[in-house]
Amino acid sequence: MALRDVRLISVAAGGCFSVAISDAGSVYAWGEGGPRAGFEADVLLPRRLSLARPLSDADQIIAAMAGHTHVLLRTANGKLLTWGSGGDGKLGHGTSEDKATPHAVAPLADVDIIDAAGGMMSSLAIGRDGSVYGWGFASRGAPCNPGGPPRGSAT
194 MALRDVRLIS VAAGGCFSVA ISDAGSVYAW GEGGPRAGFE ADVLLPRRLS
244 LARPLSDADQ IIAAMAGHTH VLLRTANGKL LTWGSGGDGK LGHGTSEDKA
294 TPHAVAPLAD VDIIDAAGGM MSSLAIGRDG SVYGWGFASR GAPCNPGGPP
344 RGSAT
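Numbered per the numbering used here, the sequence shown spans residues 194 to 348.
Read the hints as simulated data drawn from the structure, not as lab findings.
Mixed in with the good hints there might be a few duds.
[Said to hold, decoys possible] Think about it this way: if two alpha-carbon atoms lie no more than 16 Å apart in a straight line, the pair counts; the simulated EDC-like pairs of lysine to aspartate or glutamate are: (1) 272 / 225; (2) 272 / 290; (3) 272 / 308; (4) 272 / 322; (5) 272 / 303.
Generate the whole structure from the sequences, applying the supplied hints.
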(Lines of atoms letter the chains of each structure in order from A and count residues from 1; the text may use other names and numbers.)
(Lines give C-alpha, C1' and ligand atoms only; values in the text may rest on other atoms or scores of the structure.)
Protein backbone atom coordinates (compact mmCIF):
# COMPACT_ATOMS: atom_id res chain seq x y z
CA MET A 1 0.00 0.00 0.00
CA ALA A 2 1.34 3.39 -0.91
CA LEU A 3 0.73 6.24 1.52
CA ARG A 4 0.26 8.93 -1.11
CA ASP A 5 -3.48 9.24 -0.33
CA VAL A 6 -3.04 9.05 3.45
CA ARG A 7 -2.49 12.19 5.55
CA LEU A 8 0.34 11.44 7.97
CA ILE A 9 0.82 13.19 11.32
CA SER A 10 3.83 11.30 12.71
CA VAL A 11 6.69 9.16 11.42
CA ALA A 12 9.53 7.29 13.12
CA ALA A 13 12.47 5.18 11.97
CA GLY A 14 13.97 2.27 13.89
CA GLY A 15 17.03 0.18 13.13
CA CYS A 16 15.66 -1.44 9.95
CA PHE A 17 12.01 -0.41 9.82
CA SER A 18 9.77 2.64 9.64
CA VAL A 19 6.42 3.55 11.19
CA ALA A 20 3.83 6.18 10.26
CA ILE A 21 0.62 7.39 11.90
CA SER A 22 -2.30 8.73 9.86
CA ASP A 23 -4.60 11.54 10.94
CA ALA A 24 -7.23 8.83 11.51
CA GLY A 25 -4.93 7.09 14.03
CA SER A 26 -4.00 4.18 11.78
CA VAL A 27 -0.53 2.67 12.25
CA TYR A 28 1.55 1.72 9.21
CA ALA A 29 4.90 -0.09 9.26
CA TRP A 30 7.40 -1.37 6.72
CA GLY A 31 10.96 -2.62 6.48
CA GLU A 32 12.72 -5.64 7.96
CA GLY A 33 10.22 -8.17 9.29
CA GLY A 34 10.02 -9.69 12.73
CA PRO A 35 8.28 -8.71 15.94
CA ARG A 36 9.66 -5.18 15.94
CA ALA A 37 7.82 -4.38 12.71
CA GLY A 38 4.54 -6.16 13.43
CA PHE A 39 4.87 -8.59 10.52
CA GLU A 40 6.91 -11.73 9.89
CA ALA A 41 8.50 -11.18 6.47
CA ASP A 42 10.26 -8.11 5.10
CA VAL A 43 7.76 -5.62 3.67
CA LEU A 44 8.82 -3.01 1.12
CA LEU A 45 5.60 -0.97 1.16
CA PRO A 46 3.74 0.34 4.23
CA ARG A 47 1.29 -2.11 5.75
CA ARG A 48 -1.55 -1.05 8.05
CA LEU A 49 -1.22 -2.88 11.36
CA SER A 50 -3.99 -4.39 13.43
CA LEU A 51 -4.11 -3.23 17.02
CA ALA A 52 -4.52 -5.59 19.98
CA ARG A 53 -7.95 -4.03 20.64
CA PRO A 54 -10.11 -1.35 19.02
CA LEU A 55 -9.37 2.17 20.24
CA SER A 56 -11.85 4.87 21.26
CA ASP A 57 -11.51 8.44 19.94
CA ALA A 58 -9.70 9.41 23.16
CA ASP A 59 -7.28 6.52 22.59
CA GLN A 60 -6.52 7.56 19.00
CA ILE A 61 -2.82 7.21 18.24
CA ILE A 62 -1.25 10.58 17.50
CA ALA A 63 2.52 10.00 17.66
CA ALA A 64 5.12 7.32 16.99
CA MET A 65 8.63 7.04 18.39
CA ALA A 66 11.07 4.26 17.54
CA GLY A 67 13.96 2.62 19.28
CA HIS A 68 16.41 0.37 17.50
CA THR A 69 14.10 -2.68 17.67
CA HIS A 70 10.87 -1.38 19.21
CA VAL A 71 8.13 1.21 18.76
CA LEU A 72 6.32 3.50 21.21
CA LEU A 73 2.93 5.02 20.35
CA ARG A 74 1.27 7.91 22.20
CA THR A 75 -2.49 8.36 22.25
CA ALA A 76 -4.54 11.57 22.32
CA ASN A 77 -5.35 10.98 25.99
CA GLY A 78 -1.71 10.54 27.01
CA LYS A 79 -1.45 6.76 27.11
CA LEU A 80 1.56 4.84 25.85
CA LEU A 81 1.58 1.62 23.82
CA THR A 82 4.65 -0.35 22.76
CA TRP A 83 5.57 -3.27 20.55
CA GLY A 84 8.64 -4.94 19.12
CA SER A 85 11.62 -6.66 20.68
CA GLY A 86 11.13 -6.87 24.43
CA GLY A 87 14.75 -7.64 25.30
CA ASP A 88 16.02 -5.89 28.45
CA GLY A 89 12.43 -4.99 29.35
CA LYS A 90 12.44 -2.01 26.98
CA LEU A 91 8.72 -2.37 26.14
CA GLY A 92 7.72 -1.58 29.72
CA HIS A 93 5.53 -4.64 30.26
CA GLY A 94 7.66 -6.05 33.08
CA THR A 95 9.05 -8.89 30.93
CA SER A 96 11.49 -9.38 28.07
CA GLU A 97 8.77 -10.89 25.86
CA ASP A 98 8.46 -9.62 22.28
CA LYS A 99 5.11 -8.13 21.21
CA ALA A 100 4.02 -8.25 17.56
CA THR A 101 1.19 -5.71 18.07
CA PRO A 102 0.90 -2.55 20.19
CA HIS A 103 0.04 -3.13 23.87
CA ALA A 104 -0.59 -0.54 26.59
CA VAL A 105 2.22 0.10 29.06
CA ALA A 106 0.11 -0.77 32.12
CA PRO A 107 2.45 0.67 34.79
CA LEU A 108 1.93 4.11 33.21
CA ALA A 109 -1.87 3.81 32.94
CA ASP A 110 -2.44 6.66 35.42
CA VAL A 111 0.22 8.96 33.92
CA ASP A 112 -0.55 11.56 31.25
CA ILE A 113 2.38 11.00 28.87
CA ILE A 114 3.36 14.01 26.75
CA ASP A 115 6.46 12.58 25.04
CA ALA A 116 8.51 9.40 24.83
CA ALA A 117 11.64 8.04 23.19
CA GLY A 118 13.16 4.66 22.43
CA GLY A 119 16.85 3.86 22.47
CA MET A 120 18.93 0.80 21.69
CA MET A 121 17.98 -1.07 24.90
CA SER A 122 15.72 1.29 26.84
CA SER A 123 12.78 3.67 26.69
CA LEU A 124 11.88 6.96 28.35
CA ALA A 125 8.65 8.89 28.80
CA ILE A 126 7.75 12.29 30.24
CA GLY A 127 4.56 12.84 32.22
CA ARG A 128 2.61 16.10 32.01
CA ASP A 129 3.86 16.96 35.54
CA GLY A 130 7.48 16.76 34.32
CA SER A 131 8.28 13.37 35.81
CA VAL A 132 10.62 11.20 33.76
CA TYR A 133 10.02 7.44 33.52
CA GLY A 134 12.60 4.99 32.29
CA TRP A 135 12.76 1.26 31.69
CA GLY A 136 14.99 -1.25 29.97
CA PHE A 137 18.75 -1.54 30.28
CA ALA A 138 20.27 1.16 32.48
CA SER A 139 23.81 2.43 32.20
CA ARG A 140 25.70 5.62 32.98
CA GLY A 141 22.96 7.14 35.11
CA ALA A 142 20.01 6.53 32.78
CA PRO A 143 16.72 6.49 34.78
CA CYS A 144 15.83 2.91 33.91
CA ASN A 145 14.53 -0.14 35.72
CA PRO A 146 16.48 -3.07 34.20
CA GLY A 147 14.08 -5.76 33.02
CA GLY A 148 11.24 -4.33 35.12
CA PRO A 149 8.27 -2.06 34.56
CA PRO A 150 8.68 1.70 34.09
CA ARG A 151 9.61 3.73 37.14
CA GLY A 152 9.87 7.45 37.64
CA SER A 153 12.63 9.69 38.84
CA ALA A 154 12.67 13.24 40.11
CA THR A 155 13.35 15.92 37.53
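Cross-check of the supplied hints:
| no. | hint | result |
| --- | --- | --- |
| 1 | 272 / 225 | violated, 27 Å |
| 2 | 272 / 290 | violated, 20 Å |
| 3 | 272 / 308 | holds, 10 Å |
| 4 | 272 / 322 | holds, 14 Å |
| 5 | 272 / 303 | holds, 8 Å |
The structure fails to meet hints 1 and 2 from the earlier list, while all remaining hints are met.
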